[in-house]
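Q: Heads up: the protein sequence lines correspond to chains L, P and U, in order.
Under this note's numbering, the first residue of the first sequence is numbered 1, with each subsequent residue one higher.
Under this note's numbering, the first residue of the second sequence is numbered 1001, with each subsequent residue one higher.
Under this note's numbering, the first residue of the third sequence is numbered 2001, with each subsequent residue one higher.
Please keep in mind that the hints were generated in silico from the structure rather than gathered at the bench.
Certain hints may be false.
Unchecked claim - Each computed SDA-like pair below joins lysine to any residue, with the alpha-carbon atoms no more than 25 Å apart:
no., chain 1, residue 1, chain 2, residue 2
1, U, Lys2100, U, Trp2017
2, L, Lys84, U, Ile2015
3, U, Lys2096, P, Pro1111
4, L, Lys84, P, Ala1104
5, U, Lys2096, U, Ala2044
6, U, Lys2100, P, Pro1111
7, L, Lys84, U, Lys2153
8, L, Lys84, P, His1075
9, L, Lys84, U, Thr2129
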Amino acid sequence: MSAAILYWSVIAAQSMLAVAMALAVYRMTRGPRAQDRVLGLDTLYVNAMLLLLTFGIETGRTVYFEAALIVSLLGFVATVSLAKFLMRGEVIE
Amino acid sequence: MMSNADVPLWAAIAVAFFLILGSALALIGSYGFVRLQNFYERLHAPTLGTSWGTGGIVIASIIYFTVTGQRLAIHELLVGLFITLTTPITLMLLARAALHRDRAERNPDVPVAPIPFPLVEGESEKNEG
Amino acid sequence: MTLLPYPLLWFALTIMWLLLNSVTPGHVLLGATVSLVACWSMAALRPAKPRLKRWYLLPRFFVTVLYDIVRSNIAVVRIILSGRQKGHRSAFMHVKLDLKDPTALSLLAVVLTATPGSAWVEYEARESTLLLHVLDLIDEDEWRDLIKNRYEKLLVEIFE
């Protein structure tokens, strides 16, 4: 019983997160403006990180947790530098 | 290490509940991100995924790993803490960048700068970028 | 240079090191050393030292914030799924703040942005006004009241 509940809830969570990632990618490709794309990237990596955590629960392995930590670190740095570029790269300096 | 079948029923239900709650919030956040009308509205949608979306999945993970006894599972709190601290920073920076760009284009929908924005000569309007 | 410029930061970093690795005497020693070096490099940056006047009020602040985040999560989910009610709109608004302490201001910024439904956009230090974007705006004064009485008052008490 417990195993079935865990199995199906993990499957459901993973499919929801996959759809969420697809939606973020959709906004990333559609834009319309650069800031929407950067925000799309931000949403994408947060969802990817959550997906990694669910993989961790599914397999019971710690390595996914570490991967999630690294994804969130790199995503943060990427988004901040892109935002900084949007602010500085276009007008007045 | 214990297999999934040996997990007590209450723990399985709690893990399932928080997992579904977290991922549903992340999904609704992304859906709102696609649906909402302008950039400043869309800025609010991903915070669903980063506040209780992350919170739910982190809680589920903590319950699961603590009950199965594989490790003292407060590791995940680090991920939660990290996301709650970093998301506001990226969102604020993005909001400021967007505001800056809109002001540079003299977009009438955003409030004017407290200090008059300097006009750059020969600056062409960019709507796609 | 003092030996331990930021005792709280040093402690938090050591705990984080032990969480990421394992609690063995070797890791305690290594983590403490790495955190000490990190604290020294932090001191080299010379950030403004935050002063907590009434730290015991912090838990109350966090509980308030946690509760508000749950509430606004529900509100934003409703807006996304069923659309906005008549008379509600999303808009920018200005709020005049009395808060001056930079640490308190950044804490307020994190709280307002982490809460779905409100986003901190810009702070003008000279006039100490804050530009805020709100997803579901009915009455500006309601939001002003929330920020000033619910958060700012407590933060002023904690930091100033």
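Q: Does each hint hold? Answer for all of them.
A: Tested hints:
Between the alpha carbons of U:Lys2100 and U:Trp2017 the distance comes to roughly 34 Å, so the proposed pair goes past 25 Å and is violated. Proposed proximity of L:Lys84 and U:Ile2015 is contradicted: the alpha carbons are some 32 Å apart, above 25 Å. With a C-alpha separation of about 15 Å, the suggested pairing of U:Lys2096 with P:Pro1111 holds against the 25 Å cut-off. For the hint linking L:Lys84 to P:Ala1104, the alpha-carbon distance of about 16 Å falls within 25 Å, and the restraint holds.
Distance restraint check for U:Lys2096 and U:Ala2044: the Cα-Cα separation of roughly 34 Å exceeds the 25 Å cut-off, and the hinted pair is therefore not satisfied. The straight-line distance between the Cα atoms of U:Lys2100 and P:Pro1111 is roughly 23 Å, inside the 25 Å bound, and the hint therefore holds. Restraint check: the Cα-Cα separation between L:Lys84 and U:Lys2153 comes to about 32 Å, which exceeds 25 Å; the hinted pair is violated. A C-alpha spacing of about 31 Å is found between L:Lys84 and P:His1075, which places the hinted pair above 25 Å, so the restraint is violated.
For a cut-off of 25 Å, the pair hint linking L:Lys84 to U:Thr2129 stands: about 23 Å separates their Cα positions.
When held up to the earlier numbered hints, the structure conflicts with 1, 2, 5, 7 and 8 and fits the remainder.
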